[in-house]
Amino acid sequence: GENVEQHPSTLSVQEGDSAVIKCTYSDSASNYFPWYKQELGKGPQLIIDIRSNVGEKKDQRIAVTLNKTAKHFSLHITETQPEDSAVYFCAASMVGSARQLTFGSGTQLTVLP
Amino acid sequence: ETGVTQSPTHLIKTRGQQVTLRCSSQSGHNTVSWYQQALGQGPQFIFQYYREEENGRGNFPPRFSGLQFPNYSSELNVNALELDDSALYLCASTLGAGDALQYFGPGTRLTVL
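Chains A and B are the protein sequences, given in the same order.
Be aware that the first sequence starts at 1, since it is given in the numbering used here, and climbs by one per residue.
Be aware that the second sequence starts at 1, since it is given in the numbering used here, and climbs by one per residue.
Take these hints with a grain of salt, some might be off.
Said to hold, decoys possible - Partial chain B-side listing against chain A, Cβ under 8 Å, derived: (1) G3; (2) Q17; (3) A38; (4) Q41; (5) Q48; (6) E52; (7) G56; (8) F60; (9) L67; (10) F69; (11) P70; (12) G98; (13) G105; (14) P106.
FYI, nobody ran anything at the bench for these hints, they're computed from the structure.
Every residue gets a Cβ at the ideal spot worked out from N, C-alpha and C, and that includes glycine.
All chains, full assembly: derive it from the sequences and hints.
Here it is in structure tokens:
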């Protein structure tokens, strides 16, 4: 089955700096890669996603890049703000009836004021 | 907010007992997936229900079972609870079984003593 590895497990940045989180996946059949933000006591919230026919996608301060050849994808957050502090999860999904998501282990992002 | 609701918010059970968790999907969504999130880890796929039938299952034993009702709401049942079942249980709804985009509810925190 699919395996997703995520790095780093913790990341601290100064407010206004950029943050980058990286993930690798194992199954070349995966074609959908969402990123979720999870705040304490809440469920994961989708912040951005990318499909395998696209190399990069941007939404305001958030961008995701995908390298299908190397099987890795990254989340980039620019101009970080204290409210960006949360746990971020990458995930991968492959074509199939259930389209289940396989998640990485998460990155605790702390934005220091 | 995603429009996905779960109940109860918190639950405490003892080892060997049975538990039922409930989920109401987002309006218009006919597919519900359940995930288990242990503390400090990413969510793990339990199973998915599409039009009242199980549509895919992760690596969980048969004591984890589910139901989906005609209004697309869903239940997760866990029999013979074990200490390791303590986790956040997340429900995610999807427009259709072939759609990868999943919206998560806030979760139910289950503690097994």
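Cross-check of the supplied hints:
1. Annotation: interface hint on G3(B) violated; nearest CB of chain A at approximately 12 Å, more than 8 Å.
2. The beta carbon of Q17(B) comes no nearer than 24 Å to any beta carbon in chain A, farther than 8 Å, and the hint placing it at the interface is violated.
3. A least Cβ separation of about 11 Å between A38(B) and chain A goes past the 8 Å threshold, and the interface hint is therefore violated.
4. Look at Q41(B): its Cβ gets to within about 6 Å of chain A, closer than 8 Å, so that hint holds up.
5. At about 5 Å, the closest approach between the beta carbon of Q48(B) and any beta carbon in chain A falls short of 8 Å, and the interface hint on this residue holds.
6. Hint status for E52(B) relative to chain A: violated, with the closest Cβ pair at about 15 Å, above 8 Å.
7. For the restraint placing G56(B) at the interface with chain A, the shortest Cβ-Cβ distance is roughly 3 Å, inside the 8 Å limit, so the hint holds.
8. Hint status for F60(B) relative to chain A: violated, with the closest Cβ pair at about 12 Å, above 8 Å.
9. Contact between L67(B) and chain A, as hinted, is not supported at the beta carbon level, the nearest pair being about 17 Å apart and thus beyond 8 Å.
10. Violation of the interface hint for F69(B) is found here, the shortest Cβ-Cβ separation to chain A being roughly 19 Å, above the 8 Å cut-off.
11. Of the supplied interface hints, the one on P70(B) is violated, with its beta-carbon coming no nearer than about 21 Å to a beta-carbon of chain A, more than 8 Å.
12. For G98(B), the interface hint holds, the least distance from its beta-carbon to any beta-carbon of chain A being 7 Å, beneath 8 Å.
13. Annotation: interface hint on G105(B) holds; nearest CB of chain A at approximately 5 Å, less than 8 Å.
14. With a cut of 8 Å, the hint placing P106(B) at the interface with chain A holds, because the nearest CB-to-CB distance is about 5 Å.
Of the numbered hints given earlier, the model fails hints 1, 2, 3, 6, 8, 9, 10, 11; all others are met.
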